[in-house]
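Protein chains in written order, with the working numbering: chain A, 1 to 447; chain B, 1 to 133.
No lab work stands behind these hints: they were computed from the structure.
Computed from a predicted model, the values in this text were never measured in an experiment.
Hints should not be assumed to be uniformly reliable.
Said to hold, decoys possible - List of simulated lysine-lysine pairs, BS3-like, C-alpha gap at most 25 Å:
no., chain 1, residue 1, chain 2, residue 2
1, B, Lys76, A, Lys220
2, A, Lys7, A, Lys438
3, A, Lys391, B, Lys8
4, A, Lys181, B, Lys117
5, A, Lys44, B, Lys50
6, B, Lys50, A, Lys215
7, A, Lys181, B, Lys50
8, A, Lys412, A, Lys369
9, B, Lys87, A, Lys181
10, B, Lys86, A, Lys44
Said to hold, decoys possible - Where chain B lies over chain A, by a calculated footprint (3+ residues, C-beta under 8 Å):
no., region
11, 50–60
12, 123–137
13, 234–242
14, 309–318
C-beta atoms are modelled at their ideal positions from N, C-alpha and C, and glycine is treated no differently.
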Amino acid sequence: MGPLSNKEHKLFKAYLLTALMLLVLGLSWGIIGSLQYISPGLLKQHFSFEKIRPLHVSSVLFWIIIASVGMVLTYLRSVTGKKLYSFKLAYIHLLVFIISTLGIYFAYISGNFGGREYWEFPPFFAVLIIAGWILFLINFISSLSSFRNQPVYIWMWMTGIIFFLFTYLESYLWVIPYFRKNLIGDILIQWKSNGSMVGSWNMLIYGSSIFLMEKISGNKETSQSSIAFILYFTGLFNLMFNWGHHIYTLPTAPYVQYISYAVSMTELFIIGRIIFNWKKTLDTAQKNLHILSYRLLLSADIWVFLTLALAILMSIPGINVYTHGTHITVAHTMGATIGINSFILLATITDNSEDNCSNLLHYHKIINKGIWISNISLLVFWCSLIGAGIKKAIWQTAEVQNSFSMMMQELKPYFIVFMAAGISLAIGLFCIIFPLMKMKISCIFKK
Amino acid sequence: MGFNEKNKILTAGILLLTFTVYSFHLYSSLPRQNLAKADDSNGKLVWQEKNCISCHQIYGLGGYLGPDLTNVYSTKGPEYIKAFLKKGTVVMPNFKLSDKEIQELLGYLKNIDQTGKADPRTFTISYNGTIKQ
């Protein structure tokens, strides 16, 4: 992709700086939350856990969403070779998003909730998020000249945009009493939408990852190949039907469990493909390891393998019954949001800087250190959560149980490791984020 | 099978149609066995307004700082729950709930308790990896 024009650069800079700031905030709230795990009652008066958790979760989710949107808009220009349909729409979308985020932060800090897990803010803000997303959809469709013979990442971005809109609307069906008053049905719909929604932003992120990988390798045929589309349709199939693994223990119709179980097993094909391609990946790595964005993509590749392996195991109902409701679920989420989503997004932002700013070299060393620190810390963090999860699973299934508080006390050593690794992970990520932010602010354009 | 344009559109169309039918089937047939336990307490709204799910779980879904409350109504009883709601704990703040809010929350916890058991020990695992209660 050639250097961006000044106008384009300003727009993408605004998106990416907003996203990076949200990541910094998300990590900071996460550190406070982990301290509350080992020091119960910390900040209970003004920042108790029911405020800290949504502040952390929403910041990180918004980082993922706004960075994904920014990268799709950036790469779209390169695919079409034309300017965006409307810069104005893109700016309005960003503005709506920033206003919503500020409002949501204010609502959380003042203890005004009313929403549901991951979207705990009062439902009014959802209207703003949906309105902004519709502007993004219009901009995306109008920027494409044709839908024919498009590479797989255009299909993925399109799928991600449409399914986010659908699943986000679906997640608010609870405002209708017919859904809300049916206690089990309501939880079923909530996790149906949440499960598919994760798949929708994964489509945006994985699409950008394929685009970037193709750009680095220089092989333009990958994204048009049959295997790329088979993998895409496998992903889409899972996005649509594998959400049931969140609710195996919920008293619903048995077919919800059977469908999800069967569909989740098709992910074995994806993991098989990763193993099959391992040597090829290593060969490519030898050639491109000097590129920072490639290093981040390679990290994400390793985390795809680990997270997918864990996800497949958790999709087997007989295993899920033990892991459900334990920290193993958290380990899976952290592996996916940090190890996969955040590393891919940071890779795309780094790539964007490598292309357009001439001052990246100054920060090469520190970013490289950050990649190492964050990967090692994330592995320790992930293992401590799995350890805590196994211990809780043993407690959950024991014939004679200690009290909940005694069990939590026994988990404390795991929480201490989790907190220490969490802080170290944040430091590692800050080593990547701050140079990127500094560089974005003071970018000297490559001519 | 090569993925020409026609095959791509056909595959996407079949998937989309199946997804739409499945979604609307689920909307129209929300778990029937629980319709009798329809929540008329408004307690769920209080549950959401106080963001209880940040720390507690229902059917294993939610936060990890506090216990799962799916069956707390039948295992511990309303008076036990009331004591926590009125005073808070070392970790849980006193939310200064009104009597009405406490009654509504108790109503919600009573209703959710009647929908089933969340305890993993009540499940049996079949040879093919599926579970049933």
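Tested hints:
{"no.": "1", "hint": "B/Lys76 to A/Lys220", "result": "violated (63 Å)"}
{"no.": "2", "hint": "A/Lys7 to A/Lys438", "result": "holds (19 Å)"}
{"no.": "3", "hint": "A/Lys391 to B/Lys8", "result": "violated (46 Å)"}
{"no.": "4", "hint": "A/Lys181 to B/Lys117", "result": "holds (19 Å)"}
{"no.": "5", "hint": "A/Lys44 to B/Lys50", "result": "holds (14 Å)"}
{"no.": "6", "hint": "B/Lys50 to A/Lys215", "result": "violated (48 Å)"}
{"no.": "7", "hint": "A/Lys181 to B/Lys50", "result": "holds (18 Å)"}
{"no.": "8", "hint": "A/Lys412 to A/Lys369", "result": "violated (30 Å)"}
{"no.": "9", "hint": "B/Lys87 to A/Lys181", "result": "violated (29 Å)"}
{"no.": "10", "hint": "B/Lys86 to A/Lys44", "result": "holds (16 Å)"}
{"no.": "11", "hint": "50–60", "result": "holds (count 4)"}
{"no.": "12", "hint": "123–137", "result": "violated (count 0)"}
{"no.": "13", "hint": "234–242", "result": "holds (count 4)"}
{"no.": "14", "hint": "309–318", "result": "holds (count 3)"}
Hint compliance for this structure: hints 1, 3, 6, 8, 9 and 12 are broken, all remaining hints hold.
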